[in-house]
Amino acid sequence: MSTLLEVSGISVTFDGFRAINNLSFRIGTAEMRAIIGPNGAGKTTFMDIVTGKTRPDEGRVIWGEKSINLLKMNESQIARAGIGRKFQRPTVFEDQTVLENLVMALKKTRTPLSVLGYRRSSDDIDRVEALADEIGLRAELPRKSGELAHGQKQWLEIGMLLAQEPRLLLVDEPAAGMSPAEREHTTALLVEAAKTRAVVVVEHDMEFVRRLNCKVTVFHEGSVLAEGSLDHVTANQHVIDVYLGR
Amino acid sequence: MQKPFFIRNPSVMIFVALLAAFTIGVTILSQGFGIDVISTSMVKTLGKTLCLCLIALAMDLVWGYTGILSLGHFAFFGLGGYMVGMWLMYERTKAIVVNSLAEAPLPPTPNEIREGIGTQIFGVVGGAEIPPIWVFADSLTMQLALVVLIPGILAFVFGWLAFRSRVTGVYLSILTQAMTLALALYLFQNDSGLRGNNGLSGLQNIPGAEGVPQSELSVYFLWASALALGLGYVLAAWIVGGKFGSVIRGIRDDEARVRFLGYHVESYKLFIFTVTAIIAAIAGALYYPQAGIINPAEMAPIASIYLAVWVAIGGRGRLYGAVIGAGFVSLVSTWFTGGQAPDIPLGFYTVKWVDWWLVLLGLSFVLVTLFAPKGIGGLFDLISGRIAPNRHGADLGPGMGSLREQEAEK
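Residue numbers (this note's numbering), protein chains in the order written: chain C, 1 to 246; chain A, 1 to 410.
FYI, nobody ran anything at the bench for these hints, they're computed from the structure.
In this text, a Cβ means the ideal position worked out from N, Cα and C, and glycines have one as well.
Do not rely on the hints blindly, as some may be mistaken.
[Claimed, not checked] Derived lysine-lysine pairs resembling BS3-like cross-links, with alpha carbons at most 27 Å apart:
| id | chain 1 | residue 1 | chain 2 | residue 2 |
| --- | --- | --- | --- | --- |
| 1 | C | 53 | C | 66 |
| 2 | A | 94 | C | 107 |
| 3 | A | 94 | C | 144 |
| 4 | A | 243 | C | 108 |
| 5 | C | 144 | A | 3 |
[Unchecked claim] Derived contacts from chain C toward chain A, CB cut-off under 10 Å, selection only:
| id | residue |
| --- | --- |
| 6 | 52 |
| 7 | 54 |
| 8 | 58 |
| 9 | 77 |
| 10 | 85 |
| 11 | 87 |
| 12 | 91 |
| 13 | 110 |
| 14 | 112 |
| 15 | 160 |
If we strip away everything but chain C, and leave its shape as in the complex, we get (with noise of 0.2 Å):
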């Protein structure tokens, strides 16, 4: 399997404080990965690294089959190449309705001047309602996202994710907060999305990284202490005593 993004040696510091150090991570076209880890292991900072909300000291971040530098690229640049991410906190605009959530993310030219003449076609309006019966929330269209639940704010949310067609999607803590029956939908829309595009899924229910049956870095200070089957990692010593056991 090709590599889609193959981030090398990177290091941030805030403050003094190693948030990043030396970490180097890599994943191919059409895999799910999942990311665990202690409260302050990294593993944000690294989603923020990759989607150019934050500049590393040092290391590389390489994309795709040019082998683009993502570092030279900024948020809005590395999210049409095809890196589309979703935040801890659902945050959907919740001013407008699902409908208009989804027409946002759609993936069309991004330039003002196109934005203004955009008119709905149906081809677009079909792939939103194809979309909407995805991630159930066919029926709830015309609403104004802010109504919606927050187990429906979050399939909104990987609904836009999917709209922008990225090859990459970063997600952080897809299931938090969500009841038993809602986290089994969002595995299987993750899952899904896995067998097109690559798919990494930041997470601490070990129940929910189970379910997504997949590989498993560990991440711990900022660097991996860890990789394999979640088996495999969860019988490390290491991460027994970094982070299971606790």
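Given the coordinates of chain C, assemble chain A onto it according to the supplied hints.
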């Protein structure tokens, strides 16, 4: 597929119809064309108010929709006024100079005319030379183009520098204040080339229309202002109605999220900042020929703060709210400060509205912000029944974690 623009936006049709009715009504009641119920000065006040409504519309786009609290849009308004004022003053002075020189035994040379104009216009600031920035002042077309270009370029450059550095929130507001203050202070200087604190005057006299009485001219300007406001409203409704509106409201509510969706937030801000600066400049270009005089005090920072107050009182985030706010507050302000409001004798003290009006305005601004954040425009929600139900903190929707009452009332 989408329905046609006007069907999707019934408020636009209602607004345009009301504006047309207002304009026709004023014309019928005017001194110039109608039955002489409304005085010429009142027609001018109404025409100027329409221009203020237009700049309020621009403010609503940039603040109410995009979330950029610009406190500098009156700088663009003033610049627009100066650009058109230069032509008005130059051409009128030229006519006067040519007239007076016509009695001389020899016909005047072009150079003599230029010198005459220079002395006439700039004598008051101790100069006689026509400054280089007046190079296009004899061409109406060029000056009208400059109405759009100068504020547009200034807004573009300023916005590019500010947004590129990701200056947001109150820091951006302070920066825009600094811009308008710097511009006003520069124009106050006698050698700025725009007559310092004297400003440009006599702008109500339109060159080439000497035979038309002010009573008729005022109605023409009212029409032009109404047309500009109507077009501005349709343009603004079109901008905010579609996906572009979605994106800028997204920027207002969560800028980082829009960025991660792949939109270059800075370009959008720059676009809206520049477009609204141009709208403000056009409003200014129509305002000052009706006011008759422009000076740098018009660009003082306080003017732009008033603008924010109008939009807040009218209801930001909805276009008609801005128009209502600007129209209502500026007309009430004219009434109070014009000495028409009756004084209130309290026995020990007499409340004179000329002094107390600002206190009242400030108080209503505070009250609106605290208790009616939707402003006057929010009253329309009462009529259309679009009011947030009072559920005493319970969930609005069926699911857990839905928007709570206090969130919905934001």
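Next item on the list: Identify every previously stated hint that the structure contradicts and give their numbers, smallest first.
Entry: 2, 3, 7 and 8
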